[in-house]
Amino acid sequence: MRASQFFISTLKEAPADAEIVSHQLMLRAGLIRRLAGGIYTWMPLGLRVLRKVEAIVREEMNRAGAIELLMPAVQPAELWQESGRWEQYGPELLRLKDRHQRDFVVGPTHEEVITDVVRREIRSYRQLPRHFYQIQTKFRDEIRPRFGVMRGREFLMKDGYSFHAGFADLQREYSVMHETYTRIFTRLGLQFRAVAADTGSIGGTGSHEFHVLADSGEDAIAFCPTSDYAANVELAEALAPMSARPAATQAMKEVATPGKIKCEDVAEFLGLRIEKMVKAIAVIRDGIPEGEPGRFALILLRGDHDLNEIKTQKIIGHFRFAREDEIEERLGCRPGYIGPVGINHVATFADRTVAAMGDFVCGANKPGFHLTGVNFGRDLPDVTGGNVADFRNVVAGDPSPDGKGTLELCRGIEVGHIFQLRTKYSETLKCTFLNEAGQPQPMEMGCYGIGVSRIVGAAIEQGHDARGIVFPRAIAPFELAIVPVGYGKSAAVREEANRLYDELSAAGIDVVLDDRDERPGVMFADWELTGIPHRVVIGERGLKEGAAEYQGRRDANATTAPLSEIVSLVRLKVCG
RNA sequence: CGGGGCGUAGCGCAGCCCGGUAGCGCGCUUGGUUUGGGACCAAGAUGUCGGAGGUUCGAAUCCUCUCGCCCCGACCA
0 MRASQFFIST LKEAPADAEI VSHQLMLRAG LIRRLAGGIY TWMPLGLRVL RKVEAIVREE
60 MNRAGAIELL MPAVQPAELW QESGRWEQYG PELLRLKDRH QRDFVVGPTH EEVITDVVRR
120 EIRSYRQLPR HFYQIQTKFR DEIRPRFGVM RGREFLMKDG YSFHAGFADL QREYSVMHET
180 YTRIFTRLGL QFRAVAADTG SIGGTGSHEF HVLADSGEDA IAFCPTSDYA ANVELAEALA
240 PMSARPAATQ AMKEVATPGK IKCEDVAEFL GLRIEKMVKA IAVIRDGIPE GEPGRFALIL
300 LRGDHDLNEI KTQKIIGHFR FAREDEIEER LGCRPGYIGP VGINHVATFA DRTVAAMGDF
360 VCGANKPGFH LTGVNFGRDL PDVTGGNVAD FRNVVAGDPS PDGKGTLELC RGIEVGHIFQ
420 LRTKYSETLK CTFLNEAGQP QPMEMGCYGI GVSRIVGAAI EQGHDARGIV FPRAIAPFEL
480 AIVPVGYGKS AAVREEANRL YDELSAAGID VVLDDRDERP GVMFADWELT GIPHRVVIGE
540 RGLKEGAAEY QGRRDANATT APLSEIVSLV RLKVCG
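Be aware that the first sequence starts at 0, since it is given in numbering that gives the first Met the number 0, and climbs by one per residue.
Note that these hints are calculated values from the structure, not bench results. Among the hints, erroneous ones may be present.
What the hints assert, rightly or not - With beta-carbon atoms standing in for the labels, derived distance ranges: (1) Gly404 with Pro380: 35 to 45 Å; (2) Thr185 with Pro380: 49 to 59 Å; (3) Leu571 with Ala76: 52 to 62 Å; (4) Thr405 with Arg244: 20 to 30 Å; (5) Lys429 with Ala505: 29 to 39 Å; (6) Asp218 with Ala76: 55 to 65 Å; (7) Glu67 with Val394: 16 to 26 Å; (8) Pro380 with Thr248: 44 to 54 Å; (9) Asp516 with Pro71: 38 to 48 Å.
Cβ coordinates follow ideal geometry from the N, Cα and C atoms, glycine included.
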């Protein structure tokens with residue numbers, strides 16, 4: 000590609016609403032332009048990156064035996080009503096009407112459509128298994144689109160769906176996909192980790208997420224450095240403490256803690272460690288009707304722990320946090336001083352850690368006061384059985400659930416997700432086949448997603464420096480930039496640059512020749528900003544010595560090489 | 001949804017408090033000089049001041065409504 004024939008549009012300053020580096024750099028490098036909140040145009044340079052990611056994904060999916068098709072983005076509501084998701088999905092699902100007032104959705108995912116295709120096409124176990132995938136634009140009307148292409152509303156996704164005659168075969172395909180995803184992210188040149196995950200709203204059993212490791216990631220990952228355990232914090236189990244609850248040694252005492260609302264402030268004020276604090280989180284359980292006992296509930300956590308809303312929902316059902324007025328009405332006290340002692344008609348749940356605590360501190364249900372030396376069984380009813388559970392997020396230092404060490408935490412960007420859906424959709428959508436006995440049976444299904452556009456953002460989060468993007472070779476918009484100094488003025492420079500361009504292009508290298516009438520500084524800055532991994536500079540200065548310069552995007556300095564060797568040097572660097 | 005913030009030239013911003021008819025940097029155009037790290041000089045072009053309504057002799061500035069965008073939402077609970 001000759002730069003003069005292409006479209007390069009870089010910015011010195013990033014638009015003010017770009018929050019994270021990858022978003023800023025994508026805007027500055029001219030990879031994307033915003034059209035509306037969470038909706039972007041892929042500019043020519045960005046599209047080259049997107050296409051390279053896509054090509055690798057496609058190649059590996061094909062290699063794994065999946066078959067590509069392309070489904071409609073706009074889908075009739077009937078299918079979604081049939082699966083039940085028309086009601087289940089919230090405002091995230093973009094719904095629209097056609098001119099006949101018929102309901103449609105813009106597909107956020109395609110389980111319904113693919114299941115419909117398969118139930119019409121496949122009748123016999125002899126036609127199974129099958130794995131179909133597509134690479135297509137999806138739309139999810141996110142509450143808060145942000146971080147550019149990372150959490151956009153419109154995004155490019157590879158989604159694959161496999162259909163099987165039995166669970167064992169689904170499990171086989173699931174592990175094939177686990178390997179395939181590992182190959183894909185490795186080829187993309189990303190640092191990533193596969194982690195056990197919550198199955199979320201799609202439902203089903205058995206699920207792994209693939210995360211690109213980056214501090215700006217939206218997900219917290221718990222992993223064990225001494226074993227292969229890794230899980231999304233949403234899922235990672237906090238084991239019950241090994242030691243039994245200590246016996247009470249103190250009498251319960253009410254102490255004034257004026258203005259001390261946060262656990263850490265109370266702990267500091269009382270001169271105690273925060274591990275002696277218990278906080279009570281007031282929730283309203285939607286599943287329990289108004290007026291019934293247990294609708295208003297307290298969940299007890301140790302002062303330094305956080306509530307895990309996903310675990311909590313699995314234990315107590317749908318819930319929301321109680322409003323201040325509701326708390327005041329039930330407990331006669333403003334939040335900050337509420338606690339589990341001396342309350343009636345309030346369900347009390349305790350995290351495992353709390354259940355093993357003695358002589359703890361909690362709110363006194365009296366503004367400005369806490370209780371110290373509190374003990375279960377003596378000062379308040381013991382919490383037992385189903386009321387004790389794992390309600391909290393794991394923290395660094397917790398024992399690993401596999402018993403092989405202690406957990407550490409890191410952050411990741413979810414770029415892939417594989418699920419065993421089982422028969423969730425095949426049953427509701429009546430996607431059956433005839434088994435060997437001639438009996439109809441619902442198909443076992445798996446589903447496998449990759450956030451193609453998100454990968455571009457994630458790769459930049461992982462690869463950038465003060466000068467801009469540092470793309471992995473596999474997805475850089477160009478592999479090599481030839482920067483001629485004085486292309487318009489010097490015939491020698493022009494000839495040499497053209498010759499190199501032809502020769503390296505012929506060698507299969509994706510090279511851009513900067514034949515624009517720009518100053519050298521501008522050219523250098525552009526190719527650094529856009530993350531081109533390799534650069535060759537041709538100038539009269541070097542030509543006089545019969546030499547050119549090579550510099551890798553990560554290199555601190557250029558190396559000079561004789562013209563006769565520059566092609567082999569570049570081939571070595573680019574392909575090596 | 002709740003809370004906060006911001007909408008002024010393509011981008012980044014000032015001006016608003018204290019009303020008097022819009023400015024800076026980058027970018028863009030033309031000419032000249034430059035040419036190995038985002039050049040310099042000169043001359044230019046570009047604004048429904050997000051939109052609507054109101055107050056006023058006069059509104060970017062004050063008031064009301066509206067739209068768009070950004071940020072934050074258990075630590076209390």
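Hints, one by one, checked against the model:
no., hint, verdict
1, Gly404 with Pro380: 35 to 45 Å, "37 Å, holds"
2, Thr185 with Pro380: 49 to 59 Å, "55 Å, holds"
3, Leu571 with Ala76: 52 to 62 Å, "58 Å, holds"
4, Thr405 with Arg244: 20 to 30 Å, "22 Å, holds"
5, Lys429 with Ala505: 29 to 39 Å, "56 Å, violated"
6, Asp218 with Ala76: 55 to 65 Å, "32 Å, violated"
7, Glu67 with Val394: 16 to 26 Å, "43 Å, violated"
8, Pro380 with Thr248: 44 to 54 Å, "20 Å, violated"
9, Asp516 with Pro71: 38 to 48 Å, "46 Å, holds"
Going through the hint list in order, the structure does not satisfy hints 5, 6, 7, 8.
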